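Asks: Each chain, letter by letter, is given below.
Protein chains: 2
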Amino acid sequence: METILQSKTKTIVISPEHPFVMIGERINPTGRKKLGAEMAAGDFSRVRRDAETQVAAGAQMLDVNAGFPMGDEPTMLVTAIKTVQQVTDAPLSIDSSVVEALEAALAAYEGKPLVNSVTGEDERLEKILPLIKKYNAAVIGMANDETGISMDPEIRAAIAEKIVRRAQDHGIPPADIIIDPLALTVAADPTAARVTLQTMRIIHEHLGVNMSCGAGNISFGLPERPPITAAFLTMAMTHGLTCAITDATNEMIRYAVRASDVLLGHDEYAVNWISEFRQKKAEGSKQ
Amino acid sequence: METILQSKTKTIVISPEHPFVMIGERINPTGRKKLGAEMAAGDFSRVRRDAETQVAAGAQMLDVNAGFPMGDEPTMLVTAIKTVQQVTDAPLSIDSSVVEALEAALAAYEGKPLVNSVTGEDERLEKILPLIKKYNAAVIGMANDETGISMDPEIRAAIAEKIVRRAQDHGIPPADIIIDPLALTVAADPTAARVTLQTMRIIHEHLGVNMSCGAGNISFGLPERPPITAAFLTMAMTHGLTCAITDATNEMIRYAVRASDVLLGHDEYAVNWISEFRQKKAEGSKQ
Chain A
1 METILQSKTK TIVISPEHPF VMIGERINPT GRKKLGAEMA AGDFSRVRRD AETQVAAGAQ
61 MLDVNAGFPM GDEPTMLVTA IKTVQQVTDA PLSIDSSVVE ALEAALAAYE GKPLVNSVTG
121 EDERLEKILP LIKKYNAAVI GMANDETGIS MDPEIRAAIA EKIVRRAQDH GIPPADIIID
181 PLALTVAADP TAARVTLQTM RIIHEHLGVN MSCGAGNISF GLPERPPITA AFLTMAMTHG
241 LTCAITDATN EMIRYAVRAS DVLLGHDEYA VNWISEFRQK KAEGSKQ
Chain B
1 METILQSKTK TIVISPEHPF VMIGERINPT GRKKLGAEMA AGDFSRVRRD AETQVAAGAQ
61 MLDVNAGFPM GDEPTMLVTA IKTVQQVTDA PLSIDSSVVE ALEAALAAYE GKPLVNSVTG
121 EDERLEKILP LIKKYNAAVI GMANDETGIS MDPEIRAAIA EKIVRRAQDH GIPPADIIID
181 PLALTVAADP TAARVTLQTM RIIHEHLGVN MSCGAGNISF GLPERPPITA AFLTMAMTHG
241 LTCAITDATN EMIRYAVRAS DVLLGHDEYA VNWISEFRQK KAEGSKQ
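Chains A and B are the protein sequences, given in the same order.
Everything in the first sequence is counted per the working numbering, starting at 1 for the first residue and increasing by one.
Everything in the second sequence is counted per the working numbering, starting at 1 for the first residue and increasing by one.
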């Protein structure tokens, strides 16, 4: 199952046979007040820099979110998308829960984007799926609905299936659906990671769609989060996770993803690994 | 399934419900010429220091090997065991392929040791299993035999079952057998890690015994080995690995193991994780 995303000039394939795709998470004013205030004031220089930094770190795609209380989200999102498209050919994930902003961004985007995201709620599905079809996008489907986030893997998987079937009703193939099995923090519920992994097992076996998650959520509230996030990404990759919205600039996370690619056969004879290491060694000797 | 190891004063339990057990690998003259020469000359000060360092780093058990070309292995192994027993109460893994050395070390060891190791070869089983029974030890069973190391998970699992059944014939319960599903390097064969993981799946489902491996072997020959070893340990822990002979002094490996303990529910509410981080932070602020 291959999910194909495109910018104007570049194609990225998300699939179990391809290297894991890191979708850079940084361009998001949630929790970044300074960024949000700048964007609301029309200053997108940080957006530009963050795009360049994440791509340089190895993110193959970038998530772009412009949700900020003081701002005009549709306008800000379009400007952010256009800004990022100027500095990188990485395909983008358009991240908004405001349908008007989504539609404006989809109209401005050049290529085949990923939309982040839709849930299992009928109201959301019926608003967003037609846009996905209209603009030939792919979409991340969150495995929760109006009843909330279930800790039962079977229920999460059932919502995932509902999203895939509803998308098919709208003429959207399963290859354009990436399911997010939901990562909640183990700090609040020690079973949280195992619930996500079991959900992935079921979805992998029964639906076969690509899967994504906001991996950092698994460690929220704990000290030393990167090693926990990194270990969770590794575990999830053995259960069918093929991409994640994550911090590609964090070395521990990047190492875990790339090492797992080697171990799972997505980097035969460790060609990518070895070249990344040579580059690191070369940079180190320049210092 | 609980495998219980003991020193004179301390008990360590290896099981899927307990934290992962790191068995420190450093006391081994293979590839450490200086150490081997010192031991052959009767100098065990480095053995003493390495024992202390590994335990301080968090290894719950220590592997002790005295196989060195120039030395009298039985004598060296007994001295090494006694030396280590003086400085730590961590239970030990007695590591030798020389039956005479094994027997001497088992007689000198105080407590219930782990023996590293036996293979599926009839000759080895019939020589070593009676010693295991006589000294009430536990033993690591390697999933290879006189035909070599198979890349077929079913064959490896069949050898594992042979070892468990033969041990039962000798009055040794499955709880005292830890199977090593064999980790070969992905540098030579890109399928190596997946073969090991699949072997573990079969053994976990059909035999339910504890499992160990020399995790570092998976990355032999590659640059930047620790992240690959660490990712492999994480993957293996989701497939039933409950202990490993590894380098507990390597922070990346230690982090991966402890983070995986949190994610898999062996460290409820991350109590151990948080206290290890507090200690690290405290040590950092002293510098």
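Hint data in this document are derived by calculation from the structure and do not stem from the laboratory.
Check before you lean on any hint, since a few could be wrong.
Stated by the list, open to error - Computed far set for chain B versus chain A, every beta-carbon distance over 10 Å: (1) 69; (2) 202; (3) 224; (4) 227; (5) 228; (6) 235; (7) 260; (8) 268.
As the list claims (entries may be wrong) - For the chain A half of the interface with chain B, some residues (derived, Cβ under 10 Å), not all of them: (9) 149; (10) 197; (11) 268.
What the hints assert, rightly or not - For the chain A half of the interface with chain B, some residues (derived, Cβ under 7 Å), not all of them: (12) 184; (13) 256; (14) 262; (15) 271.
Just so it is clear, the structure is predicted and the values come from calculations on it, not from any experiment.
Cβ atoms here follow ideal geometry from the backbone N, Cα and C, with glycine treated the same way.
Asks: Tell me, in ascending order, the numbers of any earlier hints that this structure violates.
Replies: 3, 4, 5, 6, 7, 8, 9, 12 and 15
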